[in-house]
Amino acid sequence: MQTDFVKKSILPGFTLSLGFTIFYLSLIVLIPLSMLFIKTSTLTFVQFWEVITAPRTLAAYGLSFGTAFAAACVNAVFGSIIAWVLVRYTFPGKRIVDALVDFPLALPTAVAGITLTELYAPTGWVGHFLQSVGIKGAFTPFGITVALTFIGLPFVVRTVQPVLEDLDPQIEEAAASLGADRWQTVRLIILPVIFPALLTGVTLAFARAIGEYGSVIFIAGNMPMKTEIAPLLIMTKLEQYDYAGATAIAIGMLLISFALLATANYFQWLTSKNLGKT
Amino acid sequence: MNSRTEPQLVRYLLIGIALVFFGLFIVLPLSCVFFHAFSKGWLVYIKALQNPDAVSAMRLTIITALVAVPLNLVFGVAASWAIAKFDFKGRDLLLSLIDLPLSVSPVIAGLIFILIFGAQGFLGPWLIAHNVRIVFALPGIILATIFVTFPMVARELIPIMKSQGNEEEEAALTLGASGWKTFWMISVPNIRWGILYGIILCNARAMGEFGAVSVVSGHIRGLTNTLPLHIEILYNEYQSTAAFAAASILALLAIVTLIAKTVIEALIRRGRAS
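Protein chains in written order, with my numbering: chain A, 1 to 278; chain B, 279 to 552.
Just so you know, these hints were derived from the structure itself, not from any lab.
Since no wrong hints were added, every one of them can be taken at face value.
Which residues of chain A face chain B? A few of them, derived with a C-beta cut under 10 Å, are: (1) Ser9; (2) Val97; (3) Phe103; (4) Pro231.
Derived Cβ-Cβ restraints for the label pairs, each shown as a range: (5) B:Phe312 <-> A:Ile135: 25 to 31 Å; (6) A:Ser177 <-> B:Phe316: 56 to 62 Å; (7) A:Lys8 <-> B:Arg337: 49 to 55 Å; (8) B:Val288 <-> A:Thr53: 46 to 52 Å; (9) A:Gln47 <-> B:Tyr290: 57 to 63 Å; (10) B:Lys318 <-> A:Gly93: 28 to 34 Å.
The calculated DSS-like cross-link candidates involving lysine-lysine, where the alpha carbons are at most 30 Å apart (straight line), are: (11) B:Lys459 <-> B:Lys363; (12) A:Lys8 <-> B:Lys363; (13) A:Lys7 <-> B:Lys363; (14) B:Lys367 <-> A:Lys8; (15) B:Lys440 <-> A:Lys7; (16) B:Lys440 <-> B:Lys367; (17) B:Lys440 <-> A:Lys8; (18) B:Lys539 <-> B:Lys363; (19) B:Lys459 <-> B:Lys440; (20) B:Lys367 <-> A:Lys273; (21) B:Lys318 <-> A:Lys136; (22) A:Lys273 <-> B:Lys363; (23) A:Lys7 <-> A:Lys273.
Each residue gets a CB set at the ideal place from its N, CA and C atoms; glycine is no exception.
Construct the entire structure; sequences and hints are all you get.
Right, here's the structure in full:
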């Protein structure tokens, strides 16, 4: 029976390693996550719907998705430029820049949170400047977007960069020798090839930003209806011992994140297909 | 002119834009942490780190990482052995399930353990009757950290093990080596850099996790406060210098992690080239 399930191999340890993997995965991830769905099932659908469509919940969802989307768009532009510059040009300090792109992933979110707040508060280095041109930095949706841009940058750079590196130089040379100017080549040849990778990176950054907590709560201001993100609302419900309400909001977020990740996987699949063709 | 590059002006402009954005979003925050940590001098910095609450927070953070990282390492090796060395049905599904914790908000990661072990949770009444504390205590913090860092070693090992194929192990086995001997003498040395890489990334995340731990810790000072939670408390109490002193330790950890990552990536590339 096992031969149907797994291709024959002389290597030992399949049952042991797969068994342990599934056991540990179930224990740490699958069973605990399924609790969310079991807990929500104690609510009727009407109750569930009331929780996730309450004005405060909708405001939190709207804020989380809106700022996450704005940050993803900023990263799409600047992340691509950074990836392009890192792959195509040489400049002093390039290797340090390349290594530090991952800094937002390595830096604990709470540290990122207090640092960005300090920078963008009215007394901070950037906040002071922003105030003089009439922009409020910290404690506004603008501040939340800044934090989410910081968190999302590596996702875009690190998905676009390898695709640019693998790009076949011959297609660009062919375009040029057929009379295309540089801008036409970039727009009509390079952009379409990196586009699926860019979408993957943007979607990953977006998904991460929706659930982000630590880097946001310090800079957000946390005013209900105004600057309260969805993860914080879950936290608030928990502190009020409203476990079912917290769970309902969590389920809403989770379903949307999973849909996004499925989208990202689809784009990734498109990328590998495109690269296979060229 | 080379057909694969842009006019010099455009090149400089793009490098300029990239560096300004990079400076604003990476360099500025990085320098801000250390600037604020040392803004009142070395003495205040050292004193903030010697505070008993800070010391106990550091100890708790280290204990948590010392439990979470080895467990996820064992899992990572087992999962990558099954997934990279064998071809079986449902392999892609298993891969996506392993990545699942990365797409779950840290707050939700904490929430699920409250739903199981909290006073109103599924096991809550039993735990209270037997006087076992999981959430708002060390086991909860460790569980939440394991969840959040769950795929970090496996994700690094699977592609490395896959790229190496099965030939060396098959040769060893045909020559009469036992399964375990083959594993320890052939497979483990082949993925040693990947293991180190996975441990470093997993450790950085384990020590820095904030959201999930914040939900399950209960914020009991000196008892269930990890370093990131300690930073939050100090910052909310307007003890900004002390908060940044503690934050600078974690920022330093992030930098060391990035340096180690860069070095190991170079070593892996060299290993592949030879």
